[in-house]
Amino acid sequence: MAALTTPRNRELFYLAVVGILTAVGFASVYIARRSLVSWDSLGYAVFFFALYVAAHLVARRAVPNADPYLLPMAGLLTAVGVTEIYRLGPSDAFKQGLWIVIGVVLFAIALLGLRRDYRVLEQYKYLFGVGAIVLLFLPRLPVIGETVNGARLWVHAGPLQLQPGEFAKVALIVFLAAYLREKREVLAQGRPKDVGPLLVIWGGCMLVLVETNDLGSGLLYFGIFLAMLYIATARLSFVLVGIALFLAGGVVAYEKIAHVHERVTIWIHPWTAHKVFCPQTGGLALRQDCESYQLVRSLYSIASGGFGGSGLGKGTFLIPGKPPVQLIPYVNTDFIYSALAQELGLIGAAALLLVFMLFVARGMKVALQADDGFSKLLAAGLTFGFALQTFIIVGGVLRIIPLTGITLPFVSYGGSSIVANFLLLAGLLLVSHRANSS
Amino acid sequence: MNKQISRISLFALLLLAALIVATTYWQAWAAPGLAARQDNAIERVAQFEIKRGRIYASDGKTVLATNVRRKSAGQTLYFRHYPTNGFASQVIGYSTQGRSRAGLERSENAYLTASNANLGTIWERLSDRLRGATVTGNDLVLNLKVGAERLAESALKGNCGAAVVLNPKTGAVYVMASSPTYNPNLIESDKGFASILKAPSACPGSSSALLDRATQGLYTPGSTFKTVTAAAALDDHVFGPDSSFYDPGYCTEYGQRISNALNPDQTAESYGNVNFLEAYEHSINAVFCNIGKTLGAKRILDKAKQFGFYSKPPIELPSNEVAPSGLYNFAKHALYDDPKLVDPGRLAFGQEHLLVTPLQMALVAAAVANHGTIMVPRLVKEVRSHGGSVVTKTKPHVWKHAMTPRTAGILSTFMQAVVTGGTGTQAQIPGIKVAGKTGTAETGKPHVYTAWFIFFAPADNPQVAGAVVLENQLNGFGGAVAAPIAKQLMQAILPGASKH
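The listed protein sequences derive, respectively, from chains R and B. Quick note: the first sequence uses the working numbering, first residue -2, plus one each step. Quick note: the second sequence uses the working numbering, first residue 118, plus one each step.
For the record, the hints were derived by calculation from the structure and aren't laboratory data. Hints may contain errors.
[Said to hold, decoys possible] Listed below are the simulated SDA-like cross-link pairs for lysine to any residue, each with C-alpha atoms no more than 25 Å apart in a straight line:
(1) R:311 <-> B:356
(2) R:311 <-> B:415
(3) R:311 <-> R:54
(4) R:311 <-> B:498
(5) R:253 <-> R:242
(6) B:415 <-> B:498
(7) B:498 <-> B:510
(8) R:311 <-> B:286
(9) B:308 <-> R:434
(10) B:308 <-> R:235
(11) B:308 <-> R:412
(12) R:362 <-> R:101
(13) R:272 <-> B:437
(14) B:188 <-> R:88
(15) B:120 <-> R:434
(16) B:120 <-> R:316
(17) R:190 <-> R:201
(18) B:315 <-> B:217
(19) B:286 <-> B:454
(20) B:120 <-> R:283
(21) R:272 <-> B:239
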């Protein structure tokens, strides 16, 4: 297999495997839902494969020595996501396809623009830092800001709906990598005056939490910060103090903010045997019929998958009636995992999570191989952010932690998420290429 | 920095591994519990993608439950339809989207949806799935006889009550009727359901038509319980068939007189010197009161337990749709069996706090008919695959040994005497020896009774045994109102019985 000796040839080979899997996935959705879907659906698979071959060609030119597994794994995750989104609603899959095109274009621009030396980003670290903060507070602005499902995370720009938090995550990681690389020796000494920035960032995360009503993003940003701080300073005490501060903030938020309180209550007691006050209607209802019905139905969806799942296209997401009712609202964004778990079963869901784990393992390997502090921090931060985001949303759906609306990287429906994750992938490939070239 | 990166990698991978563990928990451990929850909409919808098996009456032709196919949101769904618009409705039950299931539709759901563990069914379902064909459930063939069941339902119409007829030798249930009844096709719609709940009842203050009075209705057994008392006395040889008693017209309990039933001139009946058979034939309370006092409550209750009291008869209905018979604490609506809390005299003739189901009393008659042995009552005759082959055939099983064959033989002569010359003469069928026992239980309201008749026939080779009960009968005695219905039912089932 001489052809498979170079990283890019291997990447192309794995992409071909992903392409076949995508075709099989779309075909099975087609067969299961014959009445709704036409043969054109296979066009999605072809289009999809072509898009990834384009991304591969850019990588071949810009980062020939980069890790060959990351792009195919991202392709696989996107394919799984698009297939399931297509199964849930073909029109959403078309939009998702457009976003993937935009994602690949930005991915290509990032790779080509930064292929000589991405470390120029270090010079603009405060731009990224300020950018992250601005992005985070955009949804707070009047007119363009929008509240969805109790949390203020969206902005409107004409016909586009964006979740700036997704981009803030990448910007924050770039800023932290540059800032911590510079300050790591000073911080490591642990003098009180140097702890200042730590407190500032803690305060910032709490503000985000309070201002956007969003527990998940607060946890995500703060988790990324703590992980990168630990990597930079090797001081576990910072992490412990940070966790303590976060928990303290969380307790206060639980006491003071109704939305956070509700989320925690739902998490601990999703089912009630007696009727309780229902804030949505103002009357009395069983909690599983009111506040927690999304979580409870998502759990039913997962549980009904069993070991083998119902099969792609065979799951139940509509309750028949006039008109039919969606079983789980937001099923293709926050709850895509429960849809996949129902149709693919334990075997499929575990395989999907293993792909996430492999992606994390490869990303961390890139961080280990990198030569300089900025590259290491950047790769590790991006990878950890990817892992933690996956844990927060899937853990929320599985009732390990309180559920908060956040996307599953590469899989969920949502333009901002797809584009931001392509940028994350570009960052990892850039670092990997540099590490393997020297 | 690499040491820290390795540690953070490990932590990140552990977080994701925890997700696999949690997914395993929900999909493997917690799944059965979640699937059983009433609010689980997925399970409910998923069941409607299955073409449920049909339910047939004993002739194997009369369809009691079938499906109508409807397309909804791109899925083909099967909804239940009951072509008879009400035939043993409480027994068949219903299977709906909104209101879950009841009756055999619930308890036999595994067969009806082909999710039972029968090897042939598993194979059939697997091949259905692989071919993408609709999973089709197994058909049930019941023991219920079309003519007799319809007859029972029309005879009970306008009253509240129940009738149970079964084969004492096999336990096959031929008739299980409960009145008032309902049309199961109305259950699905909110309006229809409300109309069932609100339907004016023939017996004020009683529960709805959804209740299966045959298995859940709890009634004071009155004199029909004397059969159990007599079995206790005869089995323990405390009294023999020739024992003689003196009936002054009353019995003294705790210093108070309890009178016999009243004559038309409002004086208590008094029979003077009688033997055991005569006391049973004429249903003399005073004599049974004294028998009870001699036996003691414990002996009577122990005998009742041998007849199946204090346990739910193992019929195929859902467990919460079958009630045990026994002494009930009305305030707590709970069973008790402490003999010290019971007045044995009143217990002996079936009053006290004794409450029984019609099914249980049918089984008492069946025990006498079948030499003291009670068979497991069976509604389902056989289960067939949708291809027509038999999946399982129900075989007779013994449930209880209630009394010795000798005692059963004596009681059979007692019960025949009731029909030939006692309180149950209205159940006589020319050419057939009928055995029976009437019951007229006090309800607390003056002149309003619960009327009973338990029976079996032909006495020398019993083919049917049963119980008929009617609630809230103004001056209605068991022998006058319940026995004629029992007669009609026996005539409908027994071959060669004249219909007049």
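State the violated hints by number, sorted upward, taking the hints as numbered earlier in the document.
1, 2, 3, 4, 6, 8, 9, 10, 11, 16, 19, 20, 21
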